[in-house]
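> Position chain B relative to chain A; hints supplied.
Protein chains in written order, with our numbering: chain A, 50 to 90; chain B, 2 to 567.
For the record, the hints were derived by calculation from the structure and aren't laboratory data.
A few of these clues could be false.
What the hints assert, rightly or not - Okay, derived cross-link-like pairs now, BS3-like style, lysine-lysine, Cα gap no bigger than 27 Å in a straight line: (1) Lys337/B to Lys87/A; (2) Lys442/B to Lys87/A; (3) Lys407/B to Lys383/B; (4) Lys29/B to Lys442/B; (5) Lys263/B to Lys57/A.
As the list claims (entries may be wrong) - Far from chain A, by Cβ distances over 12 Å, these chain B residues were calculated: (6) Phe12; (7) Phe190; (8) Glu267; (9) Leu272; (10) Trp461; (11) Ile488.
What the hints assert, rightly or not - A few chain A residues facing chain B, derived, Cβ under 7 Å: (12) Glu56; (13) Leu60; (14) Phe61; (15) Trp67; (16) Tyr68; (17) Val74; (18) Val80; (19) Leu84; (20) Phe85; (21) Thr86; (22) Ser90.
Ideal Cβ positions, reconstructed from N, Cα and C, are used throughout, including at glycine.
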Amino acid sequence: MENAPQEKPPLFSRWATWYWLVAGVLAALIVFFYLFTKHYS
Amino acid sequence: MSFLDWIVLSFTLLAIILYGVWKSRGQKDMDSYFLGNRAMPWYIILLSIIGTQASAITFLSAPGQAYTDGMRFVQYYFGLPLAMIVICIAFVPIFHRLRVYTAYEYLEQRFDLKTRTLTSFLFLIQRGLSTGISIYAPSIILSSLLGWNIYYTNIFMGGLLIIYTMYGGTKAVSYTQSLQLAIIFTGMFLAGWMVMHLLPEDIRFNEALHVAGKMGKLNVIVTDFSWTDRYNIWSGVIGGFFLALSYFGTDQSQVGRYLTAKTLTESRMGLLMNGLVKVPMQFLIMLIGALVFVFYLYFRAPINFNQGLLNQVHNSAYAPQMQELETRFDSLALVKQGHVKALAAAMQTSDDNVIGEAQRRLQATEGEADLVRDSANVLIKKVLPGTETNDTNYIFLHFVVNNLPKGMVGLLIAIIFLASWGSIAAALNSLASTTMVDVYKRMVNQHASEAEYLRMSKIWTLIWGVFCIAVAQFATGMGSLIEAVNILGSLFYGTILGIFVVAFTMKKVKGNATFWGAVLAEVLVIVIYLLNIVSFLWLNVIGCLLVMILAWLYQQGERMNGAIRK
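Bound-form chain A, shown alone (with noise of 0.2 Å):
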């Protein structure tokens, strides 16, 4: 493995822009499945 922390991350230039991403769609899933067992239920 290459000894580079700062390395760029694919398709964004920040990773913390990765991480909203993946914070994101927890939130969004999370706010899914209440309106889906709201709705089932």
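Then chain B, alone, in the frame of chain A:
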């Protein structure tokens, strides 16, 4: 199983073993054996991470869990994406910079040898025991299906996978996991499609979901808080976060997967993609279980899904009583069929009163049927004292074996084997690497040749394989296997995570403080579990916090002692 099923099953298993052996030829040293020469791309890392976590238990127990308890188990995974982010930020860069073989090597550099050894031992105990349960999971399938002796089945199951794991090391593990997952996802998709296909023609997907929802099986989000409730959004996000942080950040079976990446970026991308796909994947697996529940509202379900147990009762003096209970259960099933049809019809009216009335009737009959099931379980225990009557692990299997077409059954059974092999192979590889790097090479023999280390690595893979098979022989009577593995993990993960959190964030705390803090924390976690004070997911949080607090207090005590002496 039909002849065609046997052909499909045998061909798939043999192909995986040969593929693993072929892909991993040419091992020269420990670096190639345990880290695959650090050359894996991110998508292999991703599939390997998923394959390591998703065992046969995932595909056997999870749909059964949705059948019995609803889909709320999905919440258990909510902390996972957040943990992936923290691991990418805090853990992975350090492991890469130090070029470690195992996560525990870092602890000697940060603290001392005894803290590294303690953490390695906690990992070895926990992972060795859970891997034994993971061998037992697919063995119950063969045992139940073919009437084979469970003990010989464990040996057969574990023995086959030891062949390619011992021979090929981490490369064999990673590449076979990729192929295994491709087959698994295809099979699970087909199984889900078949459930819908087998429902009555007038029940479409949306109606099936409404029926499952009215019966409380689509409870994906539970917002009520309780310390003792296993699955709600709070325990899922907070407890699940700590569990996932510990599992992916400090468990060598997972750390060993992303240490094989060719760059830091490849490691991070594999972990982040896991954070994106894991929750939806688990949701879909559990949705299959909820649909299987609807299927068994329309068609006859057995009084207990473990056919092997029922056969033994039918061959005992209690056979007439069981026959009587089954007759009662079947008559209630007929009543249920009427009620579920009425509920489906009521939902077309959109009249809440009519729907509510139909729902109450169906739930009342389901409650009666559950009482009859309980009576049957009491009877089973009379015939087979000490036997586990919980049939959660057999529900999906029963559906597959009795309702899917020829060939598909063999494929689904093969999938359960492959899923199991994927996680067990990674676990054996990590047990061997920790034993070799943190114990053998560090404390027993520091100056052997690379060839000798490679030979010993293979021998330790074999030894751990035999140990896990031995554990599997005692795994009967553990209820839901997925919960058993998670509870076992939670007993140790909090402490292990606490040691790493102290290492990363509490720079003034030294080795002695961390070591004794961790020992005391582990004892307290086990006491809390035995007293049944909180649900197991919280043990991860408690263990981690206890290590941090106790280590800090110990360090303060040492500092004060030092000041007094001066």
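> Each hint should be assessed against the structure and marked as holding or not.
Now the hints, each set against the structure:
Restraint check for Lys337/B and Lys87/A: the C-alpha separation of about 24 Å stays at or below 27 Å, so the hint holds. Between Lys442/B and Lys87/A the alpha-carbon distance is near 56 Å, which puts this suggested pair outside the 27 Å criterion. Taking the CA atoms of Lys407/B and Lys383/B, the gap is near 37 Å; set against the 27 Å cutoff, the hint is violated. Between Lys29/B and Lys442/B the alpha-carbon distance is near 17 Å, which keeps this suggested pair within the 27 Å criterion.
Straight-line distance between C-alpha atoms of Lys263/B and Lys57/A comes to about 15 Å, which keeps the hinted pair within the 27 Å bound. Residue placement check: Phe12/B keeps its beta carbon more than 12 Å from all beta carbons of chain A (closest about 37 Å). No beta-carbon of chain A is positioned within 12 Å of the beta-carbon of Phe190/B; the least distance is around 20 Å. For Glu267/B, the requirement that its beta carbon stay farther than 12 Å from each beta carbon of chain A is not met, with the minimum near 8 Å.
Taking the minimum C-beta to C-beta distance to chain A, about 9 Å, the non-interface status of Leu272/B is violated against the 12 Å cut. For Trp461/B, the shortest C-beta to C-beta distance to chain A comes to about 24 Å, beyond the 12 Å cut-off, and the non-interface label holds. Chain A leaves Ile488/B outside its interface by the beta-carbon criterion, the shortest separation being 24 Å against a cut-off of 12 Å. Below 7 Å, beta-carbon pairs count as interface contacts, and Glu56/A has one with chain B at about 5 Å; its hint therefore holds.
This hint is violated: Leu60/A has a C-beta 10 Å from the nearest C-beta of chain B, more than the 7 Å allowed. Because the closest C-beta pair between Phe61/A and chain B is about 11 Å apart, greater than 7 Å, the hint is violated. Hint on Trp67/A holds. Least Cβ distance to chain B is approximately 6 Å, under the 7 Å limit. This hint holds: Tyr68/A has a C-beta 5 Å from the nearest C-beta of chain B, less than the 7 Å allowed.
For Val74/A, the interface hint holds, since its Cβ comes within 7 Å of a Cβ in chain B; the closest pair sits about 6 Å apart. With a cut of 7 Å, the hint placing Val80/A at the interface with chain B is violated, because the nearest CB-to-CB distance is about 9 Å. Look at Leu84/A: its Cβ only gets to about 9 Å from chain B, farther than 7 Å, so that hint breaks. With a cut of 7 Å, the hint placing Phe85/A at the interface with chain B holds, because the nearest CB-to-CB distance is about 6 Å.
For Thr86/A, the shortest C-beta to C-beta distance to chain B is roughly 5 Å, which falls under 7 Å, so the interface hint holds. Checking Ser90/A against chain B: minimum C-beta separation of about 5 Å stays under 7 Å; hint holds.
The structure does not agree with the numbered hints 2, 3, 8, 9, 13, 14, 18, 19 stated previously, though it agrees with the rest.
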